[in-house]
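Visitor: Kindly generate the complete structure, drawing on both the sequences and the hints.
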Amino acid sequence: MGSKLRVKADELQLPWLKAKGLELTLGRVVREWEEEPGPTPMPDIASLREWDKKLLRRYQPFYLPFCDLCCLCTFGKCDLSKGKRGACGIDMKGQLSRLVLLSCTIGASTHCGHARHMLEELIEKYGRDHPLDVGGESVYLEAPVIRLVTGIKPRTLGDLEDVLDYCETEIVHLLSCVHTGQEGDNLDFESKVFHAGMIDHVAMEVADIAQISAYGFPKADPEAHLVELGMGVVDRSKPVILVIGHNVPPAIGVADYLARMGLEDQVEVCGICCTAIDLTRYSRKAKIVGPLSFQLRFVRSGVADVIMVDEQCIRTDILQEAQKVNAVLITTHYKNLQGLPDRTKDPADQIVRDLVEGKLPGVAILDSEKAGEVAVRVAMEIAPRRRKMGIIPTEEKVMEEARRCTACFSCVRACPNTLPIPKALAEAAGGNLKPLSELYEPCVGCGRCEQEGICPAGIKPHTLIVGAHRLETAEEKFKMRAGRGAIQDVEIRRVGQPIVMGEIPGVVAFVGCSNFPGSWKEVARMAEEFARRKYIITTTGCSAMAIGMYRDENGQSLYETYPGVFDAGGLVNCGSCVSNPHIADAAIKIASIFAKRRLRANYEEIADYIHNRVGAVGVAWGAYSQKASSIASGFWRLGVPVIVGPHGSKYRRALLGRKEDPEAWKVIDARTGKEAYVGPVPEHLFFMAETVEEAMVAIPKLCMRASDTTKGRSIKLNHYIDLHRRLFGELPDDLHLFVRTVADIPVTMKDEVLAFLKEKGWKEFENPSPDPTLIPRLVRVKEGG
Amino acid sequence: MEPWQRAEIPGPVKAVLITKPEVVSALIKRARRPLFVVGTGTLEGRGEKLPLDHVIRIARAGGIPVVATAQTAVELRKRGFQPAARMAMVEICSRLTDPRWSLQGDGQPHDLVLMMGLGPYYMEWLMGSGLKSFAPHLRTISLNRFYQPHCSWSFPNLSEEEWYKNLERIAEELER
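If you're matching them up, the sequences are chains Z and V in order.
This note's numbering puts the first residue of the first sequence at 1, with every later residue one more than the last.
This note's numbering puts the first residue of the second sequence at 1, with every later residue one more than the last.
27 Å max Cα-Cα, derived DSSO-like pairs, lysine-lysine:
1) V:LYS14 to Z:LYS82
2) Z:LYS397 to Z:LYS324
3) Z:LYS666 to Z:LYS763
4) Z:LYS82 to V:LYS29
5) V:LYS165 to Z:LYS423
6) V:LYS78 to Z:LYS760
7) Z:LYS659 to Z:LYS760
8) Z:LYS479 to Z:LYS434
9) Z:LYS674 to Z:LYS54
10) Z:LYS238 to Z:LYS285
11) Z:LYS659 to Z:LYS674
12) Z:LYS53 to Z:LYS674
13) V:LYS14 to Z:LYS77
14) Z:LYS763 to Z:LYS711
15) Z:LYS84 to V:LYS14
16) V:LYS49 to Z:LYS434
17) Z:LYS423 to V:LYS49
18) Z:LYS84 to Z:LYS650
19) V:LYS78 to Z:LYS758
20) V:LYS165 to V:LYS20
21) Z:LYS434 to Z:LYS477
22) V:LYS14 to Z:LYS650
23) Z:LYS760 to Z:LYS711
24) Z:LYS659 to Z:LYS758
25) Z:LYS650 to Z:LYS335
26) Z:LYS534 to Z:LYS711
27) Z:LYS596 to Z:LYS666
28) Z:LYS666 to Z:LYS54
29) Z:LYS397 to Z:LYS423
30) Z:LYS335 to Z:LYS324
What the hints contain is simulated information worked out from the structure, not anything from laboratory work.
Just so it is clear, the structure is predicted and the values come from calculations on it, not from any experiment.
Guide: Set out below in structure tokens:
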């Protein structure tokens, strides 16, 4: 495996051949590296099925249909309620697992498409031989997911093409499985879901290591610079360009043009969602407005003169919204053209003129450099004329509008978070704007309350909420550490043992989108709680922003209070959505670097190691997208549990263990080959929490692992008991399942816990410290040996 | 009857509307092994009494064990009521799909589940649908203020005042 051999010759003269501009590609060259390949290089859909089935026996799917119907083919609609099967033969479990697969395949293909598009652009600019470098000497083991899954050790941008060839093939097969009349067994669908997640992590890793290497983003730097974050950090006195999406090259086109022309201090560049995160990894001048839920409120504020979008998580009505405030829209990606004319081949001067003169509301420019130049020139020319025209009402106007509310509750029924809008409007009508202003934080910014026909009086609740909050918005000024990318090998060496032994109580990854059930500050409070407790906190994407948009008791953002190191009490921002594999990488590297397990093409063994030994848990409190589901499924296949907030229940399937079933929690002791009961660790693989309190109790519980030493388990139990008692008012009633020996009990809680255990009839575990595995071939001593 | 949250469409099988609260009392009395699953939605309300207070009265009057989700148990205990168990919503609902599972652990399953305040409206919607599809041995009653069509029985969308009156009536019938 390795890159294709390409020979290029501008002019070639041989006795038998005369050629100009010759380019020859010779298939795939196997470029070996020192590690022997494991059993599953480039696994196909069925290669890891046995591993998946092991996990799915422990963590059974619990399906939650939205409705009784399947409407995916012309046989339908088919009623699948109460055990019925559809015309094709599928039942409800099959259908729901099929939908989960569809969601995860959409997610994986989105990241893979993003990676391919960006890689092509980077190769064109930097060449196929541009070396990959994600951390210099501090990251010898780069691209762990790619190595683990494909067996390829990529060295250059060109090597990543082979990796994506594999991903694309798998995604096509996975999507075809969703077709009518294919798979029928829900557990086989679930195995494919895991496959989609694994492929997604490979594709994301390609995207991030390519952009880190080519653009010179921070390379595994725990002290990456601090970035300005919040609605209030944008300098409104300057022309403003807003970038939204996930594919950063066009935004870098803006930054490069500004630098080239010496205009960096004259134009403000800010962003929303992952393009913003990645742009701030490139440019110290760029700022972040906020997560994807801030699109409507910021666009409508009128601060942005030019809005430049690329791909993913962009409001599909962005053109209409831009037009409301006379901002110019530039689309830069063929995935999202918004009906605008493609002016890629036209001279920049001509495009600028047409936009400035208002002949067009926007244009598509599928060339990052040209898009960057046009965005800057247009912003500078139209800014003085636009005068930041916005549509956010004044406080007086908010009160006036509020008086028209008839309290019909139609807006409440349209709101994803059922916000008490009429009550707040009633207060506003009387001059008290506080209750309306307080809806700003739990509002997810979807604008459903303003859609045609929702309010019979024509009130625009979202706009009024933002208007009521106007003064506080100007004070939204925070700091976030720029995405650092990978975790250093030396950091892994430092924490590998304490994590596996349980002495660092866990790694908690706050990831995912901003579809929060309440304020975004709930994520920050969770991160703060576990950072204080000396867990390692990692984060990416919109959750990384949410953590930043909060001040602790010292008035600082958490990124200022907690160091960016991958160590106990560290707060590690890896970067954007496509940086998520760095979190998985850390777990994989613990198995490889600390435990010296073979990494290359050895998925099952590494996942088994992580599942039984690495106390990591993902928390996607505001997950909304298909990408979030595929990211989660990539963690599931590695045996890492994921917690979602209430909206995550709309993924319509949980993966739950039954803690009371002793058979489910047996491992094989690799030292003896004998079975050992280890208790329900971790209890669930995909869990939906009803409240923040429930999530906070679940986190320490889901960080327990079979390999914990007594000291480690004691530390983990201490956090579990302490949080349970603080938030639920009593000792956990399942404590006896997690205490293996008396030595596991936290010293300060000994008497109380022993009394509880006695009441439960608890007995010490027969083999409290096995060398745990779920894979028989990893047993080192054979029967009779 | 329309579901409370816009765009939630259940399918052909929908809850029977509870137009007379006495029907609920009769169903509880007839049930062999009822269970009350109660979530944090019962902690939100106006006036002197919270929905949770009605839960306690109904549970006491009907002798129904209560499973409390998330931090609901804390509030129950503050009111001098000990729930039979504290479990997460997905934990209790997934177990209820197992025809051999019961809180008592004797292999005799529950036959009637009352639900109230299981998180936001959409979460209870999904729990109701999970039980509807995968727990054919169960009948479910939503005692929420808003219509939950995936349950076997549900109130229509009610004002808070009407809702409380209905809950009181159920308790009164059970107390007789």
